[in-house]
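Chains as they are written, first to last, in our numbering: chain G, 1 to 121; chain S, 1 to 444.
The hints are simulated quantities; they were obtained by calculation from the structure and are not laboratory data. One or more of the hints may lead you astray.
[To be verified] In silico BS3-like cross-links for lysine-lysine, where the CA-CA straight-line distance does not exceed 30 Å:
1) S:40 / S:57
2) S:68 / G:33
3) S:82 / G:39
4) S:40 / S:68
5) S:72 / S:40
6) G:62 / S:339
7) S:72 / S:82
8) S:40 / G:39
9) S:57 / G:33
10) S:57 / S:68
11) S:82 / G:62
12) G:33 / S:82
13) S:68 / S:82
14) S:72 / S:57
15) G:39 / S:57
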Amino acid sequence: MSFSPYVPIVALFVLGALFALFSVSIAPIVGPKRYNRAKLDAYECGIEPTPQPVGGGRFPVKFYLTAMLFIVFDIETIFLYPWAVSFDALGLFGLVEMVLFIGTVFIAYAYVWRRGGLNWD
Amino acid sequence: MDPTLQTFENDVWWIALIKVLGVFVLLLLLTLFTINYERKVVARMAVRPGPNQVGPKGWLQSLTDGLKLPFKEEIIPRTADKVIYFIAPVISATCAFTAFAVIPFGPVVSIFGQQTALQVTDVPVSVLVVLACSSLGIYGVVLAGWASGSTYPLLGGLRSSAQMISYEVAMGLSIVAVFMMSGSMSTSEIVAAQGDGREVSLFGLDFTAPGWYAVLLAPSFVIYAISAVGETNRAPFDLPEAESELVGGFHTEYSSFKFALFFLAEYINMITVSALCTTLFLGGWHATWPITLWSGANTGWWPMLWFLAKVLLCLFVFIWLRATLPRMRYDQFMRFGWKVLIPVNLVWILLLATVRVLQTSDLEAQTRFTLIGAAVLVVVLVAVLWPSGKKAAPAPSLAEQIAARPQGSFPLPPLDLQVPPSPRVARQVAERQPADVSSDRSEV
Chain G
1 MSFSPYVPIV ALFVLGALFA LFSVSIAPIV GPKRYNRAKL DAYECGIEPT
51 PQPVGGGRFP VKFYLTAMLF IVFDIETIFL YPWAVSFDAL GLFGLVEMVL
101 FIGTVFIAYA YVWRRGGLNW D
Chain S
1 MDPTLQTFEN DVWWIALIKV LGVFVLLLLL TLFTINYERK VVARMAVRPG
51 PNQVGPKGWL QSLTDGLKLP FKEEIIPRTA DKVIYFIAPV ISATCAFTAF
101 AVIPFGPVVS IFGQQTALQV TDVPVSVLVV LACSSLGIYG VVLAGWASGS
151 TYPLLGGLRS SAQMISYEVA MGLSIVAVFM MSGSMSTSEI VAAQGDGREV
201 SLFGLDFTAP GWYAVLLAPS FVIYAISAVG ETNRAPFDLP EAESELVGGF
251 HTEYSSFKFA LFFLAEYINM ITVSALCTTL FLGGWHATWP ITLWSGANTG
301 WWPMLWFLAK VLLCLFVFIW LRATLPRMRY DQFMRFGWKV LIPVNLVWIL
351 LLATVRVLQT SDLEAQTRFT LIGAAVLVVV LVAVLWPSGK KAAPAPSLAE
401 QIAARPQGSF PLPPLDLQVP PSPRVARQVA ERQPADVSSD RSEV
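Extracted from the complex, chain G is given alone in its bound form (with noise of 0.2 Å):
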C-alpha cells in the first residue's frame, strides 16, 4: 500500500496544529483568573497606553517598500531554483538566458539603490 509522499507532511501539519490548538484553549481553563482594569491595559512600561485607532494605527511607509521588494527578489529566487537544478542539462544556453534575467533585475536593483529606496532613514 503506498501514499502520496506528501501526505507525511500534512500529517505533522494537523499534529502539531492540534497541539497547538489544544495547548491555546486549555490555558484559560487551568489557569488562575484575577482581573482588574490595569490588568487588560496595554502595556506600556506602567505609563498610560497610547490611544490606538482601529486597525493598529499609522506605520511608517518604509515597510511596505521593503515588502514589495522583496516580491521582486523572491520571485527572481523562485525562477532561480529550476534553473539551478537543472542546470547542468541548459549548459550555455541556460547560463546566457540567466545573465539576462538576473542583468535585468539589477537594472531595477541599481534604480532602487540610487533613489534611496534601501535606506533605512
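Position chain S relative to chain G; hints supplied.
Just chain S now, kept in the frame of chain G:
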C-alpha cells in the same frame, strides 16, 4: 544504504505515523534541551553557574518552566482583536513543526521488520517545503503584533516581518548554489551528493576530505549562516525583541501558554535552520573522516548521532553569537541585508555558473575566451557605471551654525571644549613643588 525518493513512497502507513510522532516528540525534547543548553552555555560564558537547582545539574529547569506556564493567568488586552490574537501563536507553532518533516536523520534502517529511511518523508521539492513553512511562520509574528492592539507589539511585529523577509531573500539565494551542485531539491539526494569526499594526502597522511558543500561553496555557507541568524531573530539580529526598545516585541501582550507557543516556535525554528544547515552544507547524517575509518559509521542508527552532534554544534554557534556580540542597529542591519548579502549572492551564483559551464561543456577555445571576456567586461561596466548616491553637502561649521541661530536665542556657553584643571591635580603639583618664598613670583 542511501534512501531514494522511491523509498518514501513504499512506506507503510503505520511506519509513517510512528515517524511523524517520533519527530514531534523529538522536537519537543530538543526544544526543552536547547533552552537549558543555551542558558548553561551563556552562563558559562558569563562566568555564572546557570540553572543548577531543578533535576540533575539543573537539566529539568526548562521542563518545569514549561509545565508552569499553562497554570499562569491569561491576560488578553481589551484592545486586542480576539480571534487573530488566538490564531497567531497557533500559526507560528504549527509552521515550525511542519518544516521538520523533510529533514533527513539517517539512512534506511529496519523498524519492526520494515525497511524505512530515518526521515519522515521526502519529496522532489523538500527544501522549498522548509522555506515555505518558515515564510508562513512570519504570519504568526505579524498577526500577533497587529492583533495585540498595543504600540510595542505592533512595532515589533512590523520590524520582525521586514527583517525576516529581507533575510529570507538572502537565505533563498544562498541555497541556489547547493541546488546547482547537487542537481536536486530533495534533502535526501542533497545529503547523498555530499557523501563521497575526495582522497587527500597531506604530509604523508592519507585521509578523505569531507565532500561538504560548506567547503566547496564556502561563500554560500557564510551567507546562509548569517541570514539564518537574521531569519530566526536571534542575537545579534534580535531587533524584534530588543528589550531596551520594545519591551518584548511582538509577544509583549502574550502570556501563559500562548507565550509558550511563541517560545517553542522560536526554538524549533532555530533547530530547523541548524538541521537544514547540517543537511545542505555539513554533509547531513554522513560521518566525517576520522569516524569513517570505522566501516560501520554510516549504517544503522549511528548516523542519527552524527546528525544530532552537527545540529548541536550549529546551536552552540547560535548561542556563542548571542553571548558575544552586541545587538545591531536596525538601519545597519537592513542595509547589510539588502546592499551586501543580496548582490554578493547574485554575483557568486553567476560566477559559479560560469565556472561550471566552462568545466563541463566542451566549448571551442574561442567561445571560451569570448565568455570570459564578456564576464570581465560586465564586471568592469558595473563597477564603472555603479550609481553613487548624491554627495552630502559638507556640514556647516560651528561658527556658521551659531550665526544661523534666530534673534533672541539663549546665550551659548563657550564651546571650546576646554576642561578646567581638576583641583586634585593642582593640589598634587603644589605638594611636589614647595612654594619658593624667597623669590618674587612676578619674576617667574
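Q. Out of the numbered hints, which ones does the structure contradict?
A. The structure conflicts with hints 8, 9 and 15, although it agrees with all the remaining ones.
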